[in-house]
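Respectively, the protein sequence lines represent chains A and B. Going letter by letter, the first sequence gives residues 1 to 101 in my numbering. Going letter by letter, the second sequence gives residues 102 to 270 in my numbering.
Worth flagging that the hints you see were computed from the coordinates, not collected in a lab. Treat each hint with caution, since some may be false.
Claimed, not checked - Calculated lysine to any residue pairs in the SDA-like style (CA-CA distance at most 20 Å, straight line):
id, chain 1, residue 1, chain 2, residue 2
1, B, K192, A, V20
2, B, K266, B, K192
3, A, K88, B, V161
4, B, K191, A, F85
Stated by the list, open to error - These stretches of chain B come out as covered by chain A in the derived footprint (C-beta under 8 Å, 3 or more residues):
id, stretch
5, 113-125
6, 134-141
7, 149-159
Glycine residues also receive a C-beta, built at the ideal position from the N, C-alpha and C atoms.
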Amino acid sequence: MEVALNWYLGLSAILFTIGVLGVLIKRNAILILMSVELMLNAVNLSLVALSQAMGDVTGQILVFFVMAVAAAEAAIGLALVIAIFRNKLTVDVAEINLFRY
Amino acid sequence: MLATFLFFFLATVAIAAALGMLIARNPVSSALWLILNMFCIAGLYLTLNAQFIAVIQVLVYAGAIMVLFLFVLMLLNLAELPDVQQADWKKGAGFVLVVGILAQLAYIVAMSTGTLPDMGSLEQTVTTGSPQAIARVLFTHFAVPMQIIGALLLVATIGAVMIAKRRFI
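Let the hints inform the model, and build the full structure from the sequences given.
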């Protein structure tokens with residue numbers, strides 16, 4: 001039995017959905033950022049699978065760029081979490097409602 | 102045969118680790134589950150002949166980014182938060198939305214069964230993901246985006262230091 005491209009895309013869809021679920025139900029801001037990383041990983045997996053199927057290396061270049069942007073996003077996001085924690089002493093997104101109303 | 106076994110093994114562990122990240126009570130164990138998930142995805146990259154991306158995945162994601170997450174988690178020393186205590190309909194709406202997204206994605210993957218290209222034999226494409234092949238394209242055709250990504254990382258580093266240092270409000 002040969003491993004098909006579909007299986008990689010299906011696995012990527014499942015991992016992406018778990019990431020979306022984490023963003024929706026978690027209350028800890030750091031865990032929400034981690035769920036976003038999981039979603040980015042799922043998309044990277046489908047990009048690499050498609051790049052392999054097409055025999056073209058461009059998809060892997062895109063994965064490289066996505067990883068660089070994800071690193072920047074994690075650094076900025078965690079800096080924001082630290083800044084918010086310093087002011088409100090919590091990372092619960094239900095408590096962080098500075099812009100509400 | 103070995104490729105099939107490897108794919109199913111790594112896929113099962115990856116999904117289990119992702120679910121473990123979702124279910125774990127302690128944020129630090131959530132981060133450790135996510136690291137396991139990223140190692141599995143690196144293994145899947147190896148089964149796809151993307152050696153360079155697999156190594157970068159372990160170095161950057163499992164190494165740098167997740168260490169940053171663990172560092173912040175342990176620095177803040179958070180008390181455990183209840184998962185979702187808000188109105189129960191929000192949780193229900195989240196699950197409905199997620200099922201909808203999964204159904205859409207599965208529908209697209211299932212509908213494209215006949216039209217997708219084959220995986221191509223791995224022996225033929227063994228050099229596709231090698232560092233040489235990637236560098237040849239990255240430093241010629243994608244030279245300008247490469248410079249922009251470098252500038253982005255510099256700006257992000259400076260911004261992170263500024264935000265974490267200064268006192269808002």
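To see whether the hints hold, each was checked on the structure:
{"no.": "1", "hint": "K192/B <-> V20/A", "result": "13 Å, holds"}
{"no.": "2", "hint": "K266/B <-> K192/B", "result": "35 Å, violated"}
{"no.": "3", "hint": "K88/A <-> V161/B", "result": "31 Å, violated"}
{"no.": "4", "hint": "K191/B <-> F85/A", "result": "25 Å, violated"}
{"no.": "5", "hint": "113-125", "result": "holds (count 6)"}
{"no.": "6", "hint": "134-141", "result": "holds (count 3)"}
{"no.": "7", "hint": "149-159", "result": "holds (count 7)"}
The earlier numbered hints that this structure contradicts are 2, 3 and 4.
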